[in-house]
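K.L.:
For reference, the chains in residue letters:
There are 2 protein chains.
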Amino acid sequence: MGVSLPRKDLFKLPRGVIYLDGNSLGVLPKGAAARAARVIEAEWGQQLIRAWNDAGWMDLPRVVGDRIAALIGAPEGSVATGDTLSIKVYQALAAALKMRPDRRVILSDSGNFPTDLYMAQGLIGTIDKGYELRTPAPEDAADAISEDVAVVMLTHVDYRSGRMHDMKAITEKAHAAGAVMIWDLAHSAGAVPVDMAGSNAEFAVGCTYKYLNGGPGAPAFIYARPDIIEDVAPALAGWLGHAAPFAMEPGYRPAMATERLRVGTPPILQLAVLQEALTVWDGVDMDEVRAASIALSERFVLEVSSRCPDLTLASPADPLRRGSQVSFAFKEGYAAMQALIARGVIGDFRAPDIMRFGFTPLYLDEADVIHAAEILQEVIRTEAYLDPAYQARSRVT
Amino acid sequence: MGVSLPRKDLFKLPRGVIYLDGNSLGVLPKGAAARAARVIEAEWGQQLIRAWNDAGWMDLPRVVGDRIAALIGAPEGSVATGDTLSIKVYQALAAALKMRPDRRVILSDSGNFPTDLYMAQGLIGTIDKGYELRTPAPEDAADAISEDVAVVMLTHVDYRSGRMHDMKAITEKAHAAGAVMIWDLAHSAGAVPVDMAGSNAEFAVGCTYKYLNGGPGAPAFIYARPDIIEDVAPALAGWLGHAAPFAMEPGYRPAMATERLRVGTPPILQLAVLQEALTVWDGVDMDEVRAASIALSERFVLEVSSRCPDLTLASPADPLRRGSQVSFAFKEGYAAMQALIARGVIGDFRAPDIMRFGFTPLYLDEADVIHAAEILQEVIRTEAYLDPAYQARSRVT
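Protein sequence lines correspond, in order, to chains Y and S.
All letters in the first sequence, in the order written, are residues 1 to 397 by our numbering.
All letters in the second sequence, in the order written, are residues 1 to 397 by our numbering.
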């Protein structure tokens, strides 16, 4: 039986803050600090090098991968963790291109998060054999899958608009055209139910510092469909993806399972904190999370639409067609978001004019979103955003 | 004026342990746990997403890079941090090959750490244009630099034997043949004086969990010579290497400085702990570290050679030709190392028969190495290694 939501008691939430930015950096789970202290003082400090065996460090990437697998409908052993999402995109793309040697097109969409497109551009430049990156508008992506496409790489939930692609239908279309399918789950893991196995996609990648609350710079993950893993030629052929890392052989031999997508020495401190963060999902039913997310976001849209007519909904109005976030376009969006943050309601801004709000039912309730809408109304009504202090741009928003 | 060595008061050393494995995982600096707690509780927990600006997270990779630069004779702004050493090897290699488009040979040596060779193999497979990886014996590497070599990639200090390449002479030879030079400083940074600028090499890479005490899985670093950075085409074209990451442009435009070798979201927790760990080097003169390292290792060689005639020195006898470690070959090396560890003297083992001992003058003194040699003598004299408990192999040694 699922636990009831929200589970605010499992997190340390700052007083006086309504946090609608868990889609950018999730909040702090209560156990994280104690776990970090244990890894540092007891394991690193006292066990030193022996901790790689005795404290289970060497197995941590796999153990954490299995916990993530359970959240995205993937079987045990199919998810490797480590590195950053950008690196995992590169690994998946390079492997996918090798699987379709006669094709030269990577298909994505123009709404994809920039680093996914940049990593594709970097890979294309590295191989330098005339590969092409096509980026139609998100709504045209499915129709753009043609028989010259080697790999379709899409982010499931759009970072700007929250618009959600139909994973199963697009994967089927990609496969019908003979293409390999890669899904970026950055805004999906822990946000919406994901059925990787059911989708039949070859690869998925994602990050863990958003809805999975792994902390700033938490390790990324990569899923590979178990039946294709033996065809995956690792571009980033690191020693920890080797079949026998400590045999120190001169030649690379990939490990038999998804472990071949591990690369270098794992970031133990961040992995341990992530493992601790993932315990908040014990007993949580993703369908209940989804139902709560829809209720929260629908309520927020309703409140904001009635209170702030100058803001335009920039997300699909149908909650089934978006992830766990809602965006509004507003000409003074940047400054309005700064004014809102100064009043304790934290969302974020994405160029050129998007005010973005994430919904995280583990630590957010209906009163929070209503109160957030009230404060937003006050910011807009009083034109608080005209204050020069809110107009000055900082680097990260 | 330099501070006097050792500086044991800056570290938390476990009681009853003589640690001769700082070349694998450095010990815990006293400030690390408090720093991690502050990042987790005050920054992540309270500031949340705002910490990217307000707590200086976004600048951390550069700030930490500058601190490392000072330890390897590199100018400010020339070192980027993040990812793992394997990833940094790939970045340097891919960039170097692009700089010599008409050549097809990567020259390394057979003693190089496996992941460097594996990453080269993975890159060669990805590009798939007939590149060749040549790995002569370490002592033949310099003579193997020919005019068809695109890039020479060597590890400065050999992980097994401690044998140190002549950085300046080999770099000159590489350049005379028209090749790009990459140095792996895994066993050099914080271990021996390094003069990156003086060497004139194009690239260097390294890790920070050995002599720099950054903790398990601490971020890696990469140096690029400032005058060539504009010719560096990033293979791993991540958003944080972009000239304007938060403009969310569809096309990749590399940042102007070494920052173009950043990739994804930085591992803030590990970077902060590393930054704290690097403070132990304040006021430390690398020439004094080197003098102390030579004194310690010479004493250890003398003691072990006279006490344990069955062990064969597997490092250069001339201390000027080795880094800050000494290895001995012994048929029962694996089990003997386990027996030694059980008695509180921690070194490590590298296949097939190498017992490896690292010297870290910041937290090691002459009494430590003499006592370690005494205990080693007792293990060998009593054949303690024949105990079946020490013969059983674990994964990491």
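Treat the hints with care, as some may be off.
[Claimed, not checked] In silico EDC-like cross-links for lysine to aspartate or glutamate, where the CA-CA straight-line distance does not exceed 16 Å:
hint	chain 1	residue 1	chain 2	residue 2
1	Y	Lys-30	Y	Asp-54
2	Y	Lys-98	Y	Asp-310
3	Y	Lys-98	Y	Asp-9
4	Y	Lys-331	Y	Glu-298
5	Y	Lys-173	Y	Asp-128
6	Y	Lys-12	S	Glu-366
7	Y	Lys-331	Y	Asp-310
8	S	Lys-129	S	Asp-143
9	Y	Lys-331	Y	Glu-383
10	S	Lys-8	S	Glu-230
11	S	Lys-30	Y	Glu-41
12	S	Lys-173	S	Asp-227
13	Y	Lys-98	S	Asp-148
14	S	Lys-98	Y	Asp-231
15	S	Lys-12	Y	Asp-353
16	S	Lys-129	S	Glu-172
17	S	Lys-129	Y	Asp-353
18	Y	Lys-30	S	Asp-128
19	S	Lys-98	S	Asp-9
20	S	Lys-173	S	Glu-132
21	Y	Lys-129	Y	Asp-148
22	Y	Lys-173	Y	Asp-143
23	S	Lys-30	S	Asp-9
24	Y	Lys-129	S	Asp-128
No wet-lab data here; the hints were simulated from the structure.
K.L.:
Now tell me, hint by hint, if it's right for this structure.
P.N.:
These are the hints, each one checked on the structure:
1. Lys-30(Y) / Asp-54(Y): Violated, because 25 Å separates the two Cα atoms, which is more than 16 Å.
2. Lys-98(Y) / Asp-310(Y): Not satisfied, since the Cα-Cα distance of roughly 49 Å exceeds 16 Å.
3. Lys-98(Y) / Asp-9(Y): violated, 47 Å
4. Lys-331(Y) / Glu-298(Y): violated, 23 Å
5. Lys-173(Y) / Asp-128(Y): At roughly 28 Å apart (the allowed maximum being 16 Å), Asp-128(Y) and Lys-173(Y) break the hint.
6. Lys-12(Y) / Glu-366(S): The given pair, whose Cα atoms are some 48 Å apart, is violated under the 16 Å limit.
7. Lys-331(Y) / Asp-310(Y): holds, 9 Å
8. Lys-129(S) / Asp-143(S): Violated: Lys-129(S) and Asp-143(S) sit about 26 Å apart, past 16 Å.
9. Lys-331(Y) / Glu-383(Y): holds, 12 Å
10. Lys-8(S) / Glu-230(S): violated, 43 Å
11. Lys-30(S) / Glu-41(Y): holds, 9 Å
12. Lys-173(S) / Asp-227(S): violated, 20 Å
13. Lys-98(Y) / Asp-148(S): Distance of about 28 Å is beyond 16 Å: violated.
14. Lys-98(S) / Asp-231(Y): violated, 28 Å
15. Lys-12(S) / Asp-353(Y): violated, 50 Å
16. Lys-129(S) / Glu-172(S): violated, 28 Å
17. Lys-129(S) / Asp-353(Y): violated, 45 Å
18. Lys-30(Y) / Asp-128(S): violated, 49 Å
19. Lys-98(S) / Asp-9(S): The given pair, whose Cα atoms are some 47 Å apart, is violated under the 16 Å limit.
20. Lys-173(S) / Glu-132(S): With Cα atoms ~20 Å apart, Lys-173(S) and Glu-132(S) exceed 16 Å; violated.
21. Lys-129(Y) / Asp-148(Y): Measuring from Cα to Cα gives roughly 15 Å; hence the hint holds.
22. Lys-173(Y) / Asp-143(Y): Holds, because 9 Å separates the two Cα atoms, which is no more than 16 Å.
23. Lys-30(S) / Asp-9(S): Distance of about 8 Å is within 16 Å: holds.
24. Lys-129(Y) / Asp-128(S): With a Cα-Cα distance of about 10 Å, the restraint between Lys-129(Y) and Asp-128(S) holds, given a limit of 16 Å.
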